[in-house]
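Chemist: Position chain L against the provided structure of chain R, taking the given hints into account.
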Amino acid sequence: MRRSLFGRTWPNAVAVVLFVFFVFPVYWMVATSFKKDTDIISTTPVFLPLNGTLQHFTRAFHSQGFWTLVLDSITVTSCSVVFSLIIALLAAFAVTRMRFKGRKAFLLVIMIAQMAPWEVMVIAVYMIVRDSNMLNSLVPLTAFYMMMVLPFTILTLRGFIAAVPKELEESAMVDGCSRRQAFVKVVLPLLAPGLMATSLFGFITAWNEYPLVLVLNKESAQTLPLWLTQFQTNFGDDWGATMAASTVFALPILVVFFILQRKAVGGLTAGAVKG
Amino acid sequence: MTVQSEGVQTHSPSSGSAGGPKAPVLKRQRSGSGAGRLSKATPYLLLLPATLATLVLLGYPAVKIVLISFQKLNMFELIQHTTVWNGFQNYTDQLTSGEFWHTAERSVFFTLANVVLIMVVGSLVGLLLNRLGKRMRLFLSVALILAWAMPVVAATTVYQWLFDSQFGVADWFLSAFGWHSMAHYNWFSTQLSTFAVITLLIVWMSIPFVALTMYAALTTIPGELYEAARMDGAGMWKSFRFVTFPALKPFFLGTTFLEVIWIFKAFTQVLAVNQGGPDRLTETLPVYSFVEGVGNQHYGVGAAIAVLTILILLALTAYYLRIILKQEDEL
Chain R
1 MRRSLFGRTW
11 PNAVAVVLFV
21 FFVFPVYWMV
31 ATSFKKDTDI
41 ISTTPVFLPL
51 NGTLQHFTRA
61 FHSQGFWTLV
71 LDSITVTSCS
81 VVFSLIIALL
91 AAFAVTRMRF
101 KGRKAFLLVI
111 MIAQMAPWEV
121 MVIAVYMIVR
131 DSNMLNSLVP
141 LTAFYMMMVL
151 PFTILTLRGF
161 IAAVPKELEE
171 SAMVDGCSRR
181 QAFVKVVLPL
191 LAPGLMATSL
201 FGFITAWNEY
211 PLVLVLNKES
221 AQTLPLWLTQ
231 FQTNFGDDWG
241 ATMAASTVFA
251 LPILVVFFIL
261 QRKAVGGLTA
271 GAVKG
Chain L
1 MTVQSEGVQT
11 HSPSSGSAGG
21 PKAPVLKRQR
31 SGSGAGRLSK
41 ATPYLLLLPA
51 TLATLVLLGY
61 PAVKIVLISF
71 QKLNMFELIQ
81 HTTVWNGFQN
91 YTDQLTSGEF
101 WHTAERSVFF
111 TLANVVLIMV
121 VGSLVGLLLN
131 RLGKRMRLFL
141 SVALILAWAM
151 PVVAATTVYQ
161 WLFDSQFGVA
171 DWFLSAFGWH
181 SMAHYNWFST
191 QLSTFAVITL
201 LIVWMSIPFV
211 ALTMYAALTT
221 IPGELYEAAR
231 MDGAGMWKSF
241 RFVTFPALKP
251 FFLGTTFLEV
261 IWIFKAFTQV
271 LAVNQGGPDR
281 LTETLPVYSF
291 VEGVGNQHYG
301 VGAAIAVLTI
311 LILLALTAYY
321 LRIILKQEDE
331 L
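So the sequences go chain by chain: R and L.
Start counting the first sequence at 1; every next residue gets the next number (the UniProt record's numbering).
Start counting the second sequence at 1; every next residue gets the next number (the UniProt record's numbering).
This is chain L alone, in the form it adopts within the complex:
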């Protein structure tokens, strides 16, 4: 069993000439099995706190949510501290209810629309950053970093103010530039317009990450490749298609799936902008689970929705997860 640290392993063969390096090797031999056992255990001791924390603080809640989803756990059971198992009741209730499927469909389309917008616009901004001069690039980066660093709750509050129906600057802007029916428009009165505000907020917050990462990735592509492409007669589109895109494929893949995960489970923005309204029409799955579970105190039902949400998320990201699992050899 070669359970030793790399540092010690590489010592003896690589730097034998110096004379000094022999010392630790000798010491190891002399101190015998005690030290050997200790160094065998060292990595596991180092991993112990992280493993324990993950098991207790993440593993246990993950198991618990599945357990709760098979229980009837309403206000009564909560106060009485009783456990009432009801089998697949919560699941069959959800899977046969129109509301669940509507919410699921809404969540998927909402995620899709946001991710497409973020990836397309974010990549374009990244390409632009690469093309700008030094000073303009810094100028734009500052703006991107500001939007990126803005705390979610603060951003949500600001967007509510921007789209306020009475004194909101968005309505004023639209009406001042000719769309007069938008003066004092109440954005939070319909499903579509509420989603428009939420989408704008999420896209605004998410583009900086994509754009700045894309720019960082672009700088790693050697310029000769573009030169060669230009000599072969490639225009802007073709050099993107045949040089940039292949080089950045891992970036596109990774970022797209990260965004899918982040947006599918986006909670704060959706809940805080309009509390899932009007008429619960902008509830996405995480918000639906929260409103049913914590809000209406049907914890079992909420947990079942949560489990179903996780399953849908797993299905959406299965392709990406498989790639991660396959990467195992390179870890």
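Pulled out of the complex, with its shape left as it was, chain R reads as follows:
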């Protein structure tokens, strides 16, 4: 391969520019949250906040009801993800390992459901929840978030289950396991990375959801996305506190994404059928 010096360096140069483009907003959020007020409103931006401060975080943490909101967000997100995992696991197993009438129809419905435009259905959801006197509660929020991530969870888990060799299950059944035992003892452990990968995306969707909670929970039982947008309206030009709030909100996702991303992709059952 003969490539000129230019031909060898330009991809790297472009990569560096792209790196800056994609990282900068995230960096700027974190950097601003640690800056002193005088550095935030300086005419020449301070790119490295070396003499930082934690006062913005203190303000964010002490804003009214912050810890309740954190708890609400965690509850809603984890409950909806766990419920959708359980329901999806049952459905995905049936769809991948069994042949029955209506299987294709079910899959088609799920594929369409995955594209459901929730953003424009908030009015209907609002009416339904209001008519059952459940406004300002975490229960409907959890249920609808569960539904939002369910189709994706089913379709992804289907792929992961299909990747587990059927022979493993069969040999367990030969050894005297019932179908259910074979599933719990053999298939489920192998599915762990798949479950993690799937829950990651469910976690992100539920943690981020904004339109529904905006309409349903105007008075109480709110979650962090709502807090963040209101925080900004309430604090106006206090960018230090707003960025600290954004950092607090984004950090769990960024961390979880980085940890799980590698595990999720990692070899699924690489040697499980070796003999």
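Everything labelled a hint here was simulated from the structure, so no lab data went into it.
Hints may contain errors.
[Unchecked claim] Non-contacting residues of chain R with respect to chain L, defined by C-beta distances greater than 12 Å in every case (computed): (1) L71; (2) M196; (3) T242.
[Said to hold, decoys possible] Restricting the straight-line Cα-Cα distance to at most 30 Å, the calculated cross-link-like pairs of lysine-lysine (DSS-like) are: (4) L:K238 <-> L:K134; (5) L:K326 <-> R:K104; (6) L:K64 <-> R:K218; (7) R:K101 <-> L:K326; (8) L:K238 <-> R:K218; (9) L:K40 <-> R:K185; (10) L:K326 <-> R:K166; (11) R:K104 <-> L:K40; (12) L:K249 <-> R:K104; (13) R:K166 <-> R:K185; (14) L:K64 <-> R:K104; (15) L:K72 <-> L:K134; (16) L:K238 <-> R:K166.
Cβ atoms here follow ideal geometry from the backbone N, Cα and C, with glycine treated the same way.
Modeler: Just chain L now, with coordinates in the frame of chain R:
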């Protein structure tokens, strides 16, 4: 009727020699019709929770939005809990109003511009990832994953800060590099500049998915194909045109339509960046439906706009949906 599980079906013919596998077959025969009926019902029992959830939590709202769209449902009716049907009134009102058509046109162009940008730049970044050395690829992937994982609401807030007219770093950057009239420019004062910020935000958030998926797809193309193309005298463009593109056609098709769907219904970014302003000039259809329905408490009108939005989205993605429906045989 062959409504049994595959696992059991494949047992008897494939592994008859072992002797062991006979056991489950025998057991099935002995336990008779009871177990047979049970195993017939098993898949349906397993699908029951998912089906119920979909019907109640998605099917019902979908029907409800259509029902509401045929009602006069303002604050009064909402408080009184009364149902006032008004036929196609909401629809005729919308379809004859200039505002609806302006918003629809805006939405379509906004979607088009974003999708083209995302697909072109995303594919180029994907190709670049494929060309980079191992270390640089990891370096760039980290940046892409960061942007990808960034929560929408947090990203929106950060972009408001980046493009702040007083202390925003974007204005400083533009003026420092010679475009002096951009110092303290208020991005949220005109329609075009607000859309520019929203577009940049959406493109920034969406490229990583396209680029990383594209890269993953590229690694599945065997290198021999490129070698053969090079021996036939194909340059960079030709080997893309005749090797990469045909191999990745399903990827391009699927991703483009997914992006169309995601961007057409993008709500949080458009609403949170500038609340649809200035003068409601950056409202896209989902935001318009929200502002009319929930904001101005004309729920019937909002629902009609929502239904029309869904219909436009269906029309935009009809081609892709047809392909999905045709795939049925391969499911």
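Chemist: Does K218 (chain R) sit within 30 Å of K64 (chain L), going by the straight-line distance between their CA atoms?
Modeler: This hinted pair holds, its Cα atoms lying about 22 Å apart.
Chemist: Between the alpha carbons of K166 (chain R) and K185 (chain R), is the straight-line distance 30 Å or under?
Modeler: holds (14 Å)
Chemist: Tell me if the straight-line CA distance from K72 (chain L) to K134 (chain L) falls inside 30 Å.
Modeler: Judged against 30 Å, a Cα distance of about 61 Å means the pair is violated.
Chemist: Would the hint linking K238 (chain L) and K166 (chain R) be met if the CA-CA limit is 30 Å?
Modeler: Judged against 30 Å, a Cα distance of about 43 Å means the pair is violated.
Chemist: Tell me if the straight-line CA distance from K326 (chain L) to K166 (chain R) falls inside 30 Å.
Modeler: holds (28 Å)
Chemist: Regarding the pair K64 (chain L) and K104 (chain R), is the alpha-carbon distance no greater than 30 Å?
Modeler: holds (26 Å)
Chemist: Given the hinted pair K249 (chain L) and K104 (chain R), is their Cα-Cα distance within 30 Å?
Modeler: holds (25 Å)
Chemist: Does the claim that L71 (chain R) lies off the interface hold, with its Cβ farther than 12 Å from every Cβ of chain L?
Modeler: holds (18 Å)
Chemist: Given the hint that K104 (chain R) pairs with K40 (chain L), test it: the Cα-Cα distance must not exceed 30 Å.
Modeler: Holds. K104 (chain R) to K40 (chain L) sits at ~17 Å (cutoff 30 Å).
Chemist: Hey, does T242 (chain R) actually stay past 12 Å from chain L on C-beta?
Modeler: Non-interface label fails for T242 (chain R): nearest chain L Cβ at 6 Å, not farther than 12 Å.
Chemist: Starting from K238 (chain L), check that the Cα of K134 (chain L) is at most 30 Å away, please.
Modeler: holds (25 Å)
Chemist: With the threshold set at 30 Å, check whether the alpha-carbon distance from K40 (chain L) to K185 (chain R) stays at or below it.
Modeler: holds (23 Å)
In summary, the structure is inconsistent with hints 3, 8, 15, 16 from the numbered list given earlier, while agreeing with the others.
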